[in-house]
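From first to last, the protein sequence lines are chains F and C.
Residue numbers for the first sequence follow the numbering used here, beginning at 2 and rising by one.
Residue numbers for the second sequence follow the numbering used here, beginning at 8 and rising by one.
Heads up, a few of these hints could be off.
Within a straight-line C-alpha distance of at most 16 Å, the following computed EDC-like cross-link-like pairs (lysine to aspartate or glutamate) qualify [as the list claims (entries may be wrong)]: (1) K275(F) x D124(C); (2) K278(F) x E280(C); (3) K275(F) x E211(C); (4) K273(F) x E211(C); (5) K204(F) x E280(C); (6) K273(F) x D235(C).
These are computed hints drawn from the structure, not numbers from a lab.
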Amino acid sequence: MNMMADELLTIKGLKAYFYTRDGVIPAVDDVSFHIKKGETLGLVGESGCGKSATSLCILQLFPQPPGRIESGEILFCGEDLLKKNKKEINGIRGNRISMIFQEVMNSLNPVLTIGRQLTEVIEIHQELKREQAAKKAVEILNIVDIPRPKNVMTTYPHQLSGGMRQRVMIAMALLCKPELLIADEPTTALDVTIQAQVIELMKGLKEMLGTSILFISHDLALVSEMAERIIVMYAGNIIEEAETAELFSAPMHPYTQGLLSSIPMLTGERGKLKIIKGSVPRPTDFPEGCRFHPRCEKQTKRCLDNAPPLVKIGEKRMVRCWLYS
Amino acid sequence: MTETKNEVILELKNLKKHFPIQGGIISRVIGYLKAVDGVNLQVRKGEIFGIVGESGCGKTTLGKSLLHLITPTSGEVIFKGQNISKLSPRNFRPFRRDLQIIFQDPLSSLHPRMRIDSLISEPLKIHGMHNRAQIQKRIRELIKLVGLDQYHLQKYPHEFSGGQQQRIVIARALALNPGFIVCDEPVSALDVSIQSQIINLLQELRTKLNLTYIFISHNLAVIRHISDRVGVMYLGKLVEVAEVDEIYKNPLHPYTEALFSAIPVADPAQRKERIILQGNVPSPVDIPPGCRFQGRCKHAMDKCRDREPDLIECGDGHFVRCYLH
């Protein structure tokens, strides 16, 4: 009954715009969603749809300027993260909420050893002595299945393979047992067999630690393996939200439908692929009305003039399309 | 009908490309990176031969060395009955018309300061077509063939979306009426909703123009969708070759099996037990003795460590390099 109690993170009406010479880019445009305790929420969309920008807003990492958070609330355990000052947000970053990025090489400091980078996090957030911190770091490396963790502590990032580096990143993100982990395309730079290793690892860790995960990717299949619930974004908007199984068995928004039927599958027929015509609109000039209408097969006159609202369908589904409202 | 289908257009005989590694004060050669290490392959006229493998397995080097873009270290490339691997650049030029390549990143394949019409007409001029009216006619044919409009010809590459840029690259590759095209990850840099458009286009062109492709990709679903036969590469060698339906239904090599099982599957009902490979791909500088895969293989036996197995046929065009079969 008490819905609010098990919501760990709630985003309400978030708007974050970039102000560039070419015009205003509504990167995140009225986005609202929540993540429950222990839940994995998937955020899917193509490049430029605003999925990463949304995640950056959560930890005040959205680049301001050129960007500006226009309005909205990001409630974490009931407190608005957007209202926190620098010191307060530093106490949350890497401690209660941590993040993993796609480009691991850019996230690790190339001139510090892995050990130093791991112990730094512990020293800052938990005020432990260096020796204790080192012990803890070895423990966490063990948990993420890194062979010979004591040796790895003394190596530098470039000495490790891509998969190993991503494991180190995950280890670093989990050091303080965060309540929320934001994973932004964590396996996109990895090969499939290594991706499979990392995904299995993340699944296992989630069960062990009970961390909530916001899992961001352009790969629908990958997200469906991790997430219980999925949000689909297009051109800065949320266009559909559903539980994973339902999204795949009965997609509602024409964009989701198109996306699912245009991806080559590993089983079934190999005929001609269905396509979504046109291309993703440039963010400086999103179309009037529904932002998907120029590419939509089911567009009507209404779609040209008015942007559809995100409406609730049944208990757990949301869709932004005039076909359903 | 069946005879033309089985006509071999391209054959590789023990093709090798070793890159020297230099080191020390006087830059002596201290080792070799064995990117392609003995590939034997027959491509039939009119087929799409898919090559899959993880990053660093040598698939791109294979594509480049068979087109003479880099000179192979040893081995033969036989195209339409003639060995082209040892030809001088001048003698190779007539074959350039017939052998084309499409790369992953369209924008870096297109000169940023040339308009589309001059980009597409360049190969025509180089290969001796000078009549302006003829060139214009041919350009218009080509741009229509790839689904763009005439007014696009006056624009510059950056004015197009990724999918359109790839169409322009395809138009230019087709300018000289080639019979054989190497497609090196042609859709990997594109958005998900655009990939299917390009895949469909490549398939249509194959039928319309009677083309033969070698289609290189790390994306197993795309390879399954487009290919007639598939070769799996691991550390510079083909470990398995078979008809597409056969190899996806009945993968024989332990690496192929693990590779296929590592792909995320969108539909929860289709998921199978996953085989997680231990460790990383060994470095191509330091290839393990015996079978290249033995260090990560759960079936590894003593003889796998002593001698590398040959690529042998086990039933109806299904070749595998493993002692289990």
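How the hints compare with the structure:
1. For the given pair, K275(F) sits about 30 Å from D124(C) by alpha-carbon distance, which is inconsistent with the 16 Å threshold.
2. Proximity of K278(F) to E280(C) is assessed by CA-CA distance (about 36 Å); at most 16 Å being required, the pair is judged violated.
3. Between K275(F) and E211(C) the CA atoms are separated by roughly 14 Å; this keeps the pair inside 16 Å, and the hint holds.
4. For the suggested pair K273(F) and E211(C), the alpha carbons sit about 9 Å apart, so the restraint of at most 16 Å is met.
5. Between the alpha carbons of K204(F) and E280(C) the distance comes to roughly 15 Å, so the proposed pair stays at or under 16 Å and holds.
6. A distance of roughly 14 Å separates the Cα atoms of K273(F) and D235(C); the hinted pair therefore holds under the 16 Å criterion.
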